[in-house]
Each structure stands twice: as structure tokens, then as C-alpha cells.
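Visitor: Protein chains in written order, with my numbering: chain A, 179 to 459; chain H, 78 to 371.
What the hints contain is simulated information worked out from the structure, not anything from laboratory work. All C-beta atoms, glycine included, are put in the ideal place defined by N, C-alpha and C. Each hint should be verified, as a subset may be incorrect.
Okay, the calculated bits of chain H under chain A, using three or more residues with CB under 8 Å as the criterion [claimed, not checked]: (1) 145-153; (2) 206-219; (3) 234-246.
Listed next, the in silico EDC-like pairs over lysine to aspartate or glutamate satisfying Cα-Cα at most 20 Å (straight line) [to be verified]: (4) A:K200 / H:E364; (5) A:K437 / A:D425; (6) A:K200 / A:D226; (7) A:K200 / H:E305; (8) A:K441 / A:E422; (9) H:K166 / H:E305; (10) A:K200 / A:D218; (11) A:K186 / H:D279; (12) A:K452 / A:E241.
In case you want the letters, here they are:
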Amino acid sequence: MTGENLEKDVAVVVDHVSMTYKVRAKDDEGKRTLRRRVRDFIGTTTVDVHALKELTFVAHRGESVGVIGTNGSGKSTLMKILTGQINPTSGNVHATSTPVMLGVNAALQPQISGDDNITLGCLAMGMTRRQLEPKRESIIALAGLQDSIHLPLKSYSSGMSARLQFAIATSIDPDILIIDEALNTGDAQFREKTRQHLDSLRGQAGCVFLVSHSLGTIREMCSRVLWIERGVLIMDGDPEEVTEQYDSYAGQMGRGRVKAPRKQRNALMEQLVKTEVVWSP
Amino acid sequence: MTEQVPASNRTQRIHVSPHDLVSIGARPGFFEYIRQIWQFRSFIHFDSRSRIATGNSDDALGRIWLVLNPILNGATYFFVFGILLDTAKNIPNFLGYLIIGTFMFRFTTGAITQGARALNNNQSMMRAFNFPRATLPLAVNVRELMSQVIVITTMLVLILAIPPLEEISWLWLLIFPVVIVQFLFNLGLSLLLCRIVTRFPDVVNLISFGTRIWLYLSCVFFSLDRFENNPGIYQAMQLNPLFCVLDITRDALLYGNVPSFERWAVLGTWTLVLLIVGSIAFWKAEESYNQERA
Numbered sequence: 179m180t181g182e183n184l185e186k187d188v189a190v191v192v193d194h195v196s197m198t199y200k201v202r203a204k205d206d207e208g209k210r211t212l213r214r215r216v217r218d219f220i221g222t223t224t225v226d227v228h229a230l231k232e233l234t235f236v237a238h239r240g241e242s243v244g245v246i247g248t249n250g251s252g253k254s255t256l257m258k259i260l261t262g263q264i265n266p267t268s269g270n271v272h273a274t275s276t277p278v279m280l281g282v283n284a285a286l287q288p289q290i291s292g293d294d295n296i297t298l299g300c301l302a303m304g305m306t307r308r309q310l311e312p313k314r315e316s317i318i319a320l321a322g323l324q325d326s327i328h329l330p331l332k333s334y335s336s337g338m339s340a341r342l343q344f345a346i347a348t349s350i351d352p353d354i355l356i357i358d359e360a361l362n363t364g365d366a367q368f369r370e371k372t373r374q375h376l377d378s379l380r381g382q383a384g385c386v387f388l389v390s391h392s393l394g395t396i397r398e399m400c401s402r403v404l405w406i407e408r409g410v411l412i413m414d415g416d417p418e419e420v421t422e423q424y425d426s427y428a429g430q431m432g433r434g435r436v437k438a439p440r441k442q443r444n445a446l447m448e449q450l451v452k453t454e455v456v457w458s459p
Numbered sequence: 078m079t080e081q082v083p084a085s086n087r088t089q090r091i092h093v094s095p096h097d098l099v100s101i102g103a104r105p106g107f108f109e110y111i112r113q114i115w116q117f118r119s120f121i122h123f124d125s126r127s128r129i130a131t132g133n134s135d136d137a138l139g140r141i142w143l144v145l146n147p148i149l150n151g152a153t154y155f156f157v158f159g160i161l162l163d164t165a166k167n168i169p170n171f172l173g174y175l176i177i178g179t180f181m182f183r184f185t186t187g188a189i190t191q192g193a194r195a196l197n198n199n200q201s202m203m204r205a206f207n208f209p210r211a212t213l214p215l216a217v218n219v220r221e222l223m224s225q226v227i228v229i230t231t232m233l234v235l236i237l238a239i240p241p242l243e244e245i246s247w248l249w250l251l252i253f254p255v256v257i258v259q260f261l262f263n264l265g266l267s268l269l270l271c272r273i274v275t276r277f278p279d280v281v282n283l284i285s286f287g288t289r290i291w292l293y294l295s296c297v298f299f300s301l302d303r304f305e306n307n308p309g310i311y312q313a314m315q316l317n318p319l320f321c322v323l324d325i326t327r328d329a330l331l332y333g334n335v336p337s338f339e340r341w342a343v344l345g346t347w348t349l350v351l352l353i354v355g356s357i358a359f360w361k362a363e364e365s366y367n368q369e370r371a
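Next comes chain A alone, as it looks inside the complex:
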């Protein structure tokens, strides 16, 4: 399968991206040399954790890409690399514009008021003052904080600040949107508001990545699914097919099986059509 034509409508290109974390921890394998003992004592021994191994794929405009994988498979690491929050150990990411992650991690400052947090957050996302002011009302309305917006943030309940975070983070209209389990915050009333808001954002965005453990959500919202396991892409394709395979895999893992899932993984990896990116001049 070799296409000579230039690919159109490319939104995101992930090219040979890998990520290795250095984690401070004691490593009990290997010889205990004097150097190791000293480093153990000071607490500077590091262990390499391979979160992602050489990943390549291309996403197009108009696609809603679901990303699934068991805990610790490297999904969140990949999303952080896509937004430029962390840099991959090797490889690089190109996109039409910087992807924006809608999570629940918009940073809020506890001493200043909710209103000031809206200003600070929006300006930190690169809005100008003029772009910000028309949005303020809708942010406050989405967060449902009309009465307490002038109180300092430390007086908010955790649910209130989560709602404010979400409302701030979703106030920009990103071209490439990443949603990381954001649907699970807040009470029922807020969840319904969130859903509507996300739907409208998804409609406007050129390309959406959705990270979720809910296979129902994935099937419902995505046109393509990437399954990442142990830092390796093992399936890429139709949501029905991928989620079905994933469901049986996760079920086996959940029952403590080891061999059958490994077999399944290997079989899937053999079937996977690998992507190679060729840069045209």
C-alpha cells in the first residue's frame, strides 16, 4: 500500500514519538556497587519507565478519535505530548494548531476570586482582554456560580471549583480538541450542561481526541479508535471492532489471566497496519 499523493486534511501528525520517564526510586535489580549505595542513600537513584514506545499515526480533520487502553498504558502521556505540555524523549508532533486539552486541570489560584481566576485562566490561554470580556458571562453561567463569583476561591467547594475549571478550560474554541475523561465531573445537573457544551465544541472543532474508559461513550462519539497498551499502539480502526476486542481483553485481564491477553495482543499487533510518515518537501 503505497500512496504517492499528498495526504489532504491532515490535522495531527505523530511521528516516531516515544516517552521515557526517569523516576526516582530504588531499583533492586543488578549489582549493588558503591556508587549505587551512595545514590540510594542520598535518594537520587533513578529508574527508567517507558511510557510510550515509538508511536506513529496521522489524524485528519473531521475525525473524532477515541483513545482507549488499560490504566498506565500511556494514554495520558500521549495526550500531554499532543498539547506540548511535555516533550517526547524522541520523535515529534506536528499539528495545524496547538491541540487544547479539556480536562479538569485548569490551574486555579486559591487566594483570588472566581472572577479573577476566569481572567487569569483565559489570559494564560492566550486570549486578549477584548476576546475575554464577552466570554465572561457564559463562563459564569456554565459554571453556575452567579452568586459566589466574587468570593475568593478557597471558599468554594471542590465541586464548585471543578465546574469553574471546566468552564474556563472550555471557553476557547480550539481547532484540535482533546477531552480527557472530562465527562465525569460534577453532579447530574452539571453533567448534562457539560454534555451539551462539549457537543457544541466538538461540532466546531476540526479534530477531536477523546480519552475515556467508557466504551459506550467512545462508540457513540468516535469515528476511529486507537488502542494503546503498554505504550504500544496495538489497534487502530473502526470503533465497533476495536472496542469489542478491547472489551474481551480487559475482561480477561480483570480475571487475572495472563497468557490469553498476551496472545491476543500479539495477534493484534501482527495485524496492525503500521504508519510511516513521509515528509514532502
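Dock chain H against the given chain A, drawing on the hints supplied.
Guide: The following block gives chain H in isolation, referenced to the frame of chain A:
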């Protein structure tokens, strides 16, 4: 337990053109970086303003501490050095001398100790949003500049209120260029320290120590004339940029002398060098600030 990862034998080649695509997480060129910082000027302004308003909000006296702090410091030095150790002799208007010393010195120590931690203290902001990281130390410095305006106003009031009486002269206007140059000096040093601290976090512990030594070497509460008999030290002390700041301010506010060109030259050179070295050093590591430390 090593696992053989089966290689797929099928590969699809996707031809893409780098047009219309930007590299994510890559460091922009230096001047592009400066331009980005300029675009985030509202953020810098708001960040510095919102934190100055709340900086001391947990204390009962709040922002009054901004002024109370150097006053109490000055009182301590006056007691220890002026009275106990008697460094005051031969210094005309020792109280004014001391007030200028502590109030002006505070600007730099405040700016660089806060500035050096600007990235480490804002990890959550950095995780959540993508903005040029230099905006954080810059915001700290702008905030310190705003505080310094209040501090300097108090300083001028004190100098006028405490005898011996000083006359207001045109030379007092020199306080503006002094503060601006000191601000740029602090900024350059903050950027450099910030880069060092993010790479070697332990250095933070040395900064307060360093500013302490610097304080003792900057003629805050004694006169340079003590070292007249020791030309080596005498010359070296005059190369200290903060000594230059204090000396220029004292000449202008207390003694009615036009500050010497030499002081301006030393201070200006330090400022220029630190600003260039600091901003380039900071920019060079822009990508690494995003790396999560485990």
C-alpha cells in the same frame, strides 16, 4: 521476562507536507519568543496585579507589611550596627543612609528570590496552560516593581520626616531611572537564576544565603570609606551593582551630589550583560521547563 514484540509486516506510507503544520512543543526562535511574550502582556499585567493584591492576605495587616518589613529591618540594623557596633560615625544623616539602603536593597532581594522560584511555584499553571514560560518571572518582577513604588513613596516620606531635614531638589527625579535600571537588572538576574533553579532545584536553598552575603557587601549599613586604606577591597566594592544603586540614590536624595558617571557605567554594564545572558539562557531551555519531574 522479556517479551518478543511481533513486528507487523504491513506498512502504509502517508505523505504529508509540512505546510500549514506547526511543530508542537518546539522552542520558537528568540525574537519570535519575545514577540509571544509581548502578546501575553495582559497576562503578565494581570498575574502581577492579582498577586500583589493578595500577597499578604493571610496576615491581619495585609499589604502594610510591604512597608513595615523594610522599616523593621532598618530598625534592626540601626540598633545592631548604628548603636551596638557604631558604624554610623562619619556618615552624615545615618538614618536616611540606612533607610535608602534597606528600602532599595529589598527590591532586588524580593525580585530575585521570588523570580528564581517563579517556575517551580507555578507548576500547576504550567501543566494547565501553554504560555511562554518567561512570562512568569517577568510577572514576578513587574509585581515587585509595583510594590517598590509603594515602598519608595514611603522611603521618600521617611527621609523628609526624619531629621536632619533634606531638601527636595531636581536630583530627586533620578529615582526614576534608578528604579527602572534596577528593575531590568533584577529581571536579567531572575531569568538566569530561574533557569539554574529549574535545572538544579537545590540551588534555591543557596539564594537566600547569597542575598545575605550580598547585603553585607553592599554598604547598606556602613560606609565605603572604611576600606579606604585597602585599595583592593575598595575597588572591588565599587564593582558591586547594588552598591552602585545605593550610592546613586544616596547622592541624589541625601547629599545633593550629581551621581558619578562611573556608578552608572558599572550598573549599566551589569544590567545589560545580565539581561542578555539571562534571557538567552532562559529561552534556550524553554522546552525543558515542560518536562515533568518525577
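Visitor: Hints first: check each against the structure and report whether it holds.
Guide: Comparing the hints with the structure gives:
1. Counting residues of the segment 145-153 of chain H whose CB lies closer than 8 Å to any CB of chain A gives 0, so the stated coverage by that chain is violated, three being the minimum.
2. Three residues within the 8 Å Cβ limit are the bar, and the segment 206-219 of chain H against chain A gives 3, so the coverage statement holds.
3. With 0 residues having a Cβ less than 8 Å from any Cβ of chain A, the segment 234-246 of chain H misses the three-residue criterion, and the hint is violated.
4. This hinted pair checks out: A:K200 and H:E364 have alpha carbons roughly 17 Å apart, not beyond 20 Å.
5. Distance hint between A:K437 and A:D425 is fulfilled; the C-alpha atoms sit about 16 Å from each other, no more than 20 Å.
6. Proximity of A:K200 to A:D226 is assessed by CA-CA distance (about 5 Å); at most 20 Å being required, the pair is judged to hold.
7. With a C-alpha separation of about 55 Å, the suggested pair A:K200 and H:E305 falls outside the 20 Å cut-off, and the hint is violated.
8. For the given pair, A:K441 sits about 16 Å from A:E422 by alpha-carbon distance, which is consistent with the 20 Å threshold.
9. Distance hint between H:K166 and H:E305 is fulfilled; the C-alpha atoms sit about 15 Å from each other, no more than 20 Å.
10. About 15 Å separates the Cα atoms of A:K200 and A:D218, which keeps this hinted pair within 20 Å; it holds.
11. For the hint pairing A:K186 with H:D279, the CA-to-CA distance comes to about 50 Å; that exceeds 20 Å, so the pair is violated.
12. At roughly 19 Å between alpha-carbon atoms, A:K452 and A:E241 fall within 20 Å of each other, so this suggested pair holds.
When held up to the earlier numbered hints, the structure conflicts with 1, 3, 7 and 11 and fits the remainder.
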